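S.K.: Work the whole structure out from these sequences, hints included.
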Amino acid sequence: MDKKKVGKNTKLWNEDFFLLWQGQLVSVFGDVIYIMALNFWILDVTGSTALMGTLSALSTLPRIILGPFAGVLVDRWDRKKFIVITDLIRGIFVTFVGIAALLGFIKVWMVFVIGIISGICSAFFNPAIQSVRPDLVPESKLVQANSVSSLAQSGMNMIGSAIGGMIYIAIGAPYMFLFNGISYILSAFTELFINIPRIEKCSKEITFKEDFKEGFRFLWYFKTLKKVFLCASAINLFFNAGMILFLPYSKEQVFLGPKRYGIAAATYSLGMLCASAFITVRNIKQERKFIIYKVSILISGILTLSITFIKSFPVLLIVIFIGFACNAVFNTIFDTMVTLIIPQDKRGKVFALMETLSMGLMPLGSLIGGVLGELIGITQTMRVMFFMGLVTIFMLISIKEVKDLIFYDKHNESIEELVVRTNK
Numbered sequence: 053m054d055k056k057k058v059g060k061n062t063k064l065w066n067e068d069f070f071l072l073w074q075g076q077l078v079s080v081f082g083d084v085i086y087i088m089a090l091n092f093w094i095l096d097v098t099g100s101t102a103l104m105g106t107l108s109a110l111s112t113l114p115r116i117i118l119g120p121f122a123g124v125l126v127d128r129w130d131r132k133k134f135i136v137i138t139d140l141i142r143g144i145f146v147t148f149v150g151i152a153a154l155l156g157f158i159k160v161w162m163v164f165v166i167g168i169i170s171g172i173c174s175a176f177f178n179p180a181i182q183s184v185r186p187d188l189v190p191e192s193k194l195v196q197a198n199s200v201s202s203l204a205q206s207g208m209n210m211i212g213s214a215i216g217g218m219i220y221i222a223i224g225a226p227y228m229f230l231f232n233g234i235s236y237i238l239s240a241f242t243e244l245f246i247n248i249p250r251i252e253k254c255s256k257e258i259t260f261k262e263d264f265k266e267g268f269r270f271l272w273y274f275k276t277l278k279k280v281f282l283c284a285s286a287i288n289l290f291f292n293a294g295m296i297l298f299l300p301y302s303k304e305q306v307f308l309g310p311k312r313y314g315i316a317a318a319t320y321s322l323g324m325l326c327a328s329a330f331i332t333v334r335n336i337k338q339e340r341k342f343i344i345y346k347v348s349i350l351i352s353g354i355l356t357l358s359i360t361f362i363k364s365f366p367v368l369l370i371v372i373f374i375g376f377a378c379n380a381v382f383n384t385i386f387d388t389m390v391t392l393i394i395p396q397d398k399r400g401k402v403f404a405l406m407e408t409l410s411m412g413l414m415p416l417g418s419l420i421g422g423v424l425g426e427l428i429g430i431t432q433t434m435r436v437m438f439f440m441g442l443v444t445i446f447m448l449i450s451i452k453e454v455k456d457l458i459f460y461d462k463h464n465e466s467i468e469e470l471v472v473r474t475n476k
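Each residue of the sequence shown is one higher than the last, beginning at 53 in my numbering.
Read the hints as simulated data drawn from the structure, not as lab findings. None of these values were measured; they are calculated from a predicted model. A few of these clues could be false.
Below, in silico cross-link-like pairs of lysine-lysine (DSS-like), each with a Cα-Cα straight-line distance of 30 Å or less [to be verified]:
(1) K341 / K159
(2) K363 / K303
(3) K311 / K63
(4) K455 / K275
(5) K341 / K279
(6) K311 / K363
(7) K159 / K303
(8) K132 / K455
(9) K462 / K341
(10) K265 / K278
(11) K346 / K279
(12) K275 / K346
(13) K132 / K265
M.R.: Encoded structure:
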């Protein structure tokens, strides 16, 4: 493997980052098509929102259970192999689902099993990608790198969502399943050519158990970071519980339906796409990051809550666009802040732990949303969940020490000094 240093890459669009980025581009587009087809297929076959929520929960659960262990392994072993192999495994199994659907022997339990396998692969793939990205671009370009990655995801979400409903009506779920499987395999192939620097190991050999504990210790004693991710976990719980019902909500609303659902879903991706594109070409000034961090997530939460009170399709599209544009701005500032305050040799394990914290309650949210949707109604459930999410957002932006994390400069202060100062 090429052990070149990231310092040699003075440009954002170096060959290695481009290969990583375009691989994500292909697989994200396939994911959007697959998830939309899967949700419509589950509803058509079973008619159950609870079952749809259960599938989402089962797909997420492995990432929560395995996340901390996977992060330790990512830091200890070859990150490139994790990225390539997990994409390849997902490609093979999802392609099988497509073939099974085409030949007519697909069963609901098969989809659930593949969802679990995909979740296991994601448990290793996600911290590997997050750990690798800062090593492929110079530090001065990290905000743009995170923004460009968000841009790819938002763009493919927008395109996939816009045409997904129409594709489902035109060709059905089997071909959409097959497309996603092939997209994973293509992504794995291109990732073979990425040169990823190896993590420099300390001279003292550390056992897996100690390595595992190290990630927990870093997050546990970094009180500000811990508070932030406890809030993030609750926010994900409430908003996921509400958003899991947006598809069935669209089906029961006269002014929406499957086709307009696709347009609405594409609009929130367009909002994130435009915000990410703006940040990519024009960096946010350092002194403005903290206020933008707070305002953007607050606007996003308020507008998301308002979605279920709107009965005009054009107004709904405007609200979704602005709300998710603000969400993209918040995520870019947040991701960059977190990346810069975590040492390279701890990124995999800490990113995995943070993903476990931030996503830990999402499966519960999916189950709550699905079950409450059948018990008290879809619209009422969405309103309650979005309101609780907004309350938690107020708790998040009240953590004053986040300002110190956003303004952190490793050239003037060590991570240890930052932890001590913000813990006071």
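S.K.: CA of K341 to CA of K159, is that 30 Å or under?
M.R.: 49 Å, violated
S.K.: Is K265 within 30 Å of K278, Cα to Cα?
M.R.: 15 Å, holds
S.K.: Could you grab the alpha-carbon distance between K462 and K341 and see if it respects the 30 Å cut-off?
M.R.: 17 Å, holds
S.K.: Given the proposed pairing of K311 with K63, does the C-alpha separation stay at or below 30 Å?
M.R.: It is violated: about 41 Å lies between the C-alpha atoms, which goes past 30 Å.
S.K.: Does the structure keep K363 and K303 at a Cα separation of 30 Å or less?
M.R.: Cα-Cα ~14 Å, so holds.
S.K.: Within a Cα-Cα threshold of 30 Å, do K132 and K265 meet the stated pairing?
M.R.: Roughly 24 Å between the alpha carbons, so the hint for K132 and K265 holds.
S.K.: Taken at face value, is the distance from the CA of K455 to the CA of K132 at most 30 Å?
M.R.: 34 Å, violated
S.K.: Given the hinted pair K311 and K363, is their Cα-Cα distance within 30 Å?
M.R.: The given pair, whose Cα atoms are some 16 Å apart, holds under the 30 Å limit.
S.K.: Taking only the CA atoms, is the gap from K341 to K279 under or equal to 30 Å?
M.R.: With Cα atoms ~19 Å apart, K341 and K279 stay inside 30 Å; holds.
S.K.: CA of K455 to CA of K275, is that 30 Å or under?
M.R.: 14 Å, holds
S.K.: Is K346 within 30 Å of K279, Cα to Cα?
M.R.: Within the cut-off at roughly 15 Å; holds.
S.K.: Holds or violated: K275 and K346, Cα atoms, limit 30 Å.
M.R.: At roughly 19 Å apart (the allowed maximum being 30 Å), K346 and K275 satisfy the hint.
When held up to the earlier numbered hints, the structure conflicts with 1, 3, 8 and fits the remainder.
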